[in-house]
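Protein chains: 2
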Amino acid sequence: MKQSIAIDMDETVADTLSRHLEWYCKEFGVSLNKKDMKGKRIYDVVSKENLDTVKNYPNHPDFFKDLPVFEDAVSVIQELSIKYDIYFVSAAMEYPNSFNAKYEWLKQHFSFISDMNYIFCGYKGMLNCDYLIDDSSRHIDAFNGDGYLFNAPHNSEQTNYKRINSWAEIGALFA
Amino acid sequence: MKQSIAIDMDETVADTLSRHLEWYCKEFGVSLNKKDMKGKRIYDVVSKENLDTVKNYPNHPDFFKDLPVFEDAVSVIQELSIKYDIYFVSAAMEYPNSFNAKYEWLKQHFSFISDMNYIFCGYKGMLNCDYLIDDSSRHIDAFNGDGYLFNAPHNSEQTNYKRINSWAEIGALFA
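The listed protein sequences correspond, in order, to chains A and B. Taking my numbering, I'd label the letters of the first sequence as residues 1 to 175. Taking my numbering, I'd label the letters of the second sequence as residues 1 to 175.
Keep in mind that the hints were calculated from the coordinates and are not lab data. Since this is a predicted model, take the numbers as computed values, not measurements. Check the hints yourself; a few may be wrong.
The list treats identical chains as one, so a pair stands whether inside a single copy or across any two.
Claimed, not checked - With a cut-off of at most 20 Å between alpha-carbon atoms, the simulated EDC-like pairs for lysine to aspartate or glutamate come out as follows:
1. Lys-55 - Asp-115
2. Lys-55 - Asp-36
3. Lys-107 - Asp-15
For reference, chain A alone in the conformation it holds in the complex (with noise of 0.2 Å):
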């Protein structure tokens, strides 16, 4: 039986962060950049007045469009699908709305991956795979397999897990 790979969405495959910038600059007129996130969240960034706007960004249709994958995760995923069972497993009731833009997200850049294999839901200490990749150390906590913090500014500074820098070297881990 193939060992199995959850692997999260926002901000381990799909670069969500860049369009949260873009969107939040573009509509307050405001400079920020990734360099500028280190340690933080969107959220910990925006002022208070603007927290629900940017807050349901992810909710909006569009913010899924064009989203950016990162770099090498489409070849290095359907290298891994070969010897691994992949799971894409994504916290999408924070954003109810987003779910048929996750799915058709999913569908376009990793058609190789059926969706009986994609699972949204809230708290995945309730999967059952060998290792999660994630950017989100909670998840990562209540998680009961083996788990690795995929890189991402707001997790910088966290040094209790096992921190993966790319897809190249989650490709390099798991050959």
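Using the hints provided, position chain B relative to the given structure of chain A.
What follows is chain B alone, placed relative to chain A:
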């Protein structure tokens, strides 16, 4: 730590068969009821030329609207939620246009269960829960924990499973 129960939606808490029969009979002027369905799914009884139409019903936004909840499901699950972690686990990936309707239906009828405990998936073999209550034997086959087959016309002739006939029976079993 609480034990966990994963609960399927369609034909386990939601009476989707009634809606299927209602729409099919109305659209094609036929007469069918649950008694005609012994050992059969709706897709086994509709004529070949209407199959695609009927298969597409659950993708319609109104399919889940006003859909009945099975008797005692709400009160029993509310009681169980004190002692167990409850997850609603639907193979919603089979009907990608049903995500929002399913989400709203669960919110409407089971507001006491956090949406963080909803899981929309395809395959249920990746669930790390103690129990699964499901009308589909294939999901119980894939599940790693202790599975109970919720009685439905289509599964009435399957004998290799622990069968549960009602939510009242579930309430007594897990008390």
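Open item on the list: When the structure is checked against the list of hints, which entries are broken? Sort them ascending.
Closed with: none
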